[in-house]
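Colleague: Protein sequence lines, in the order shown, are assigned to chains U and D.
The letter at position 141 of the first sequence is residue 141 when you use this note's numbering, and the numbering goes up by one with no holes.
Just remember that this note's numbering sits 408 ahead of the position in the second sequence, which is counted from 1.
Calculated from the structure, these hints are not laboratory results.
Quick caveat, the model's predicted, so the values are computed rather than measured.
Any given hint could turn out to be false.
As the list claims (entries may be wrong) - Dumping the calculated DSBU-like pairs for lysine-lysine here, alpha-carbon to alpha-carbon at most 30 angstroms: (1) U:120 - D:459; (2) U:237 - D:459; (3) D:410 - U:120; (4) U:47 - D:410; (5) U:237 - D:410; (6) U:69 - U:317.
Unchecked claim - Here are some chain U residues pointing at chain D (derived, C-beta under 8 angstroms): (7) 46; (8) 48; (9) 239; (10) 240; (11) 242; (12) 308; (13) 322.
Using N, Cα and C, we set each Cβ at its ideal position, and we do this for glycine too.
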Amino acid sequence: MKGFTTNAIHTPLSHKDPHGTLRSPVYDNVAFEFETAKDIQMAFEGKRPGHSYSRISNPTVEDFENRVKRVSGANGVLAVSSGMAAISNLVLTLLKSGKNVVTSRFLFGNTYSLFERTLKPWGLEVRYVDFEKPKTLDESIDENTGMVFLETITNPQLQVVDIGAIAEIAHRRGVPVVADTTVTSLYLFDSKKFGVDVEVLSSTKVISGGATSVGGLIIDNGIFDWERNSKLADWAKRYGPHALILYLRREVYRNIGACMAPHHAYLQSLGLETVSLRVERSAANALAIAKFLETHSKISRVNYPGLKSSPWHENAKKLFPRGFGGILCIELESKEKCFEFMNKLNVIRRATNINDNKTLVIHPASTIFCEYTPEERAKMGVPDTLIRLSVGIEDVEDLIDDIEKGLS
Amino acid sequence: MKIFLNGDAQEIDRTDLSVSDIMLSEGVKSPETVMVQLNEEYLPSEHFISKKLKDGDSIDFVYFMGGGR
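All chains should be modelled from the sequences, with the hints used to inform the complete structure.
Modeller: Below, the structure is given as structure tokens:
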């Protein structure tokens with residue numbers, strides 16, 4: 001198997017292009033024509049190859065999915081309209097009323113809101129455990145548990161848990177592990193190696209080439225036997241290891257309609273080709289900034305998994321041998337000091353996103369987590385004194401200079 | 409013998425026909441692009457050559473209509 005970037009660049013097109021193009025054209029259309037009525041019937045039944053309607057499948061999106069499959073070595077890939085669409089489609093596929101998801105309170109704010117506010121009224125139970133205490137995980141799983149859900153690096157707490165140990169417990173209990181790998185998108189983390197069954201991620205971030213377009217991915221590693229999931233058991237008999245992706249394509253994803261736009265798929269295929277270069281640069285910049293900040297007198301705390309001072313550094317070294325990502329957090333004296341610092345920055349932009357090419361700064365408590373009470377935020381590890389930096393690929397000297405001026 | 413291919417009945421004058429043979433005769437150029445169901449159950453690709461069809465078998469080729477197969 002060739003390397004990540006070679007595969008990203010050289011994945012062949014599904015069909016030979018009449019003009020010999022090296023890159024998939026943007027099929028920015030909706031409908032596809034068939035020669036005969038029988039042909040269209042067979043296409044709808046899945047008994048002959050062919051796209052019928054772009055909400056269900058599209059050649060440009062197909063090309064992007066094939067590239068992601070090639071670089072990740074996965075069993076199946078589905079591209080969707082956003083990272084949140086990936087999570088919601090998957091939850092609606094694997095779970096139903098009366099089932100539960102076991103997860104941590106250290107979740108992306110919108111994921112927490114999806115579980116607590118959107119899906120709880122539909123009968124989903126959410127069980128929060130401390131993933132650093134494997135016994136609590138084991139005790140929380142029962143016959144109604146449909147998935148264990150975790151983030152590879154939690155955002156903004158930057159916790160890194162022993163994913164291999166969690167997968168071992170979940171698999172022993174017959175439950176799949178779903179990991180949101182947005183922060184470590186494809187290049188930094190080999191999810192299959194550590195027992196993750198399904199990845200969900202926002203390809204809006206690094207994969208899009210630096211915030212060019214919104215998108216999401218569901219990646220089935222082909223490890224989990226879907227006959228063990230009550231909703232997928234019949235599908236698994238008929239479709240084997242392809243049951244999850246087919247059930248999504250033929251029912252949940254098709255009916256929800258959160259498809260990736262062809263133009264976005266084109267941009268994200270372009271972005272995928274340079275993921276390794278940008279991720280390595282951003283991680284190197286983040287480490288240099290974290291080391292600089294660790295010695296600064298005005299900073300109460302620097303949190304970055306690449307620092308030895310991080311309580312999760314050993315886990316991070318094991319899971320992410322290619323680098324520790326581009327997100328770091330700092331704590332100042334107060335919310336006011338945080339705002340003052342942010343307002344003084346000139347190179348670093350005040351915006352909500354991660355893994356952009358630009359370095360971005362945000363105060364999570366007053367933005368991404370603003371819908372929660374201070375008590376809820378405390379449980380979620382998001383204090384008022386916290387600032388998140390998503391480090392981009394600029395020249396690191398300019399970033400350090402900007403931060404230094406902001407703190408002066 | 410009589411088999412059902414994608415729901416259509418077909419008379420076959422051979423008895424040693426494999427799944428692989430049927431794929432070839434149906435013009436399936438690349439086996440990795442199609443999933444096979446035998447009597448409505450998934451048939452892993454490693455059995456395409458060894459699995460022989462018998463009278464009354466139902467075989468379906470299923471395409472994903474999308475990428476990332």
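Colleague: Hints first: check each against the structure and report whether it holds.
Modeller: To see whether the hints hold, each was checked on the structure:
For the hint pairing residue 120 (chain U) with residue 459 (chain D), the CA-to-CA distance comes to about 47 angstroms; that exceeds 30 angstroms, so the pair is violated. Between the alpha carbons of residue 237 (chain U) and residue 459 (chain D) the distance comes to roughly 17 angstroms, so the proposed pair stays at or under 30 angstroms and holds. The suggested pairing of residue 410 (chain D) with residue 120 (chain U) is violated, with an alpha-carbon distance near 52 angstroms, which exceeds 30 angstroms. Distance restraint check for residue 47 (chain U) and residue 410 (chain D): the Cα-Cα separation of roughly 20 angstroms lies within the 30 angstroms cut-off, and the hinted pair is therefore satisfied.
Among the hinted pairs, residue 237 (chain U) with residue 410 (chain D) is consistent with the structure: their alpha-carbon atoms are about 24 angstroms apart, no more than 30 angstroms. Our distance criterion of 30 angstroms between C-alpha atoms is met by residue 69 (chain U) and residue 317 (chain U), whose separation comes to about 25 angstroms. Contact between residue 46 (chain U) and chain D, as hinted, is supported at the beta carbon level, the nearest pair being about 5 angstroms apart and thus within 8 angstroms. Hint status for residue 48 (chain U) relative to chain D: holds, with the closest Cβ pair at about 6 angstroms, below 8 angstroms.
The beta carbon of residue 239 (chain U) comes within 5 angstroms of a beta carbon in chain D, closer than 8 angstroms, and the hint placing it at the interface holds. Below 8 angstroms, beta-carbon pairs count as interface contacts, and residue 240 (chain U) has one with chain D at about 3 angstroms; its hint therefore holds. Using the Cβ-Cβ criterion of 8 angstroms, the hint placing residue 242 (chain U) at the interface with chain D is satisfied: the shortest such distance is roughly 6 angstroms. Because the closest C-beta pair between residue 308 (chain U) and chain D is about 39 angstroms apart, greater than 8 angstroms, the hint is violated.
The interface hint given for residue 322 (chain U) is broken, as the beta carbon of that residue sits about 23 angstroms from the closest beta carbon of chain D, more than 8 angstroms.
Comparing the model with each earlier hint shows violations of hints 1, 3, 12, 13; every other hint is respected.
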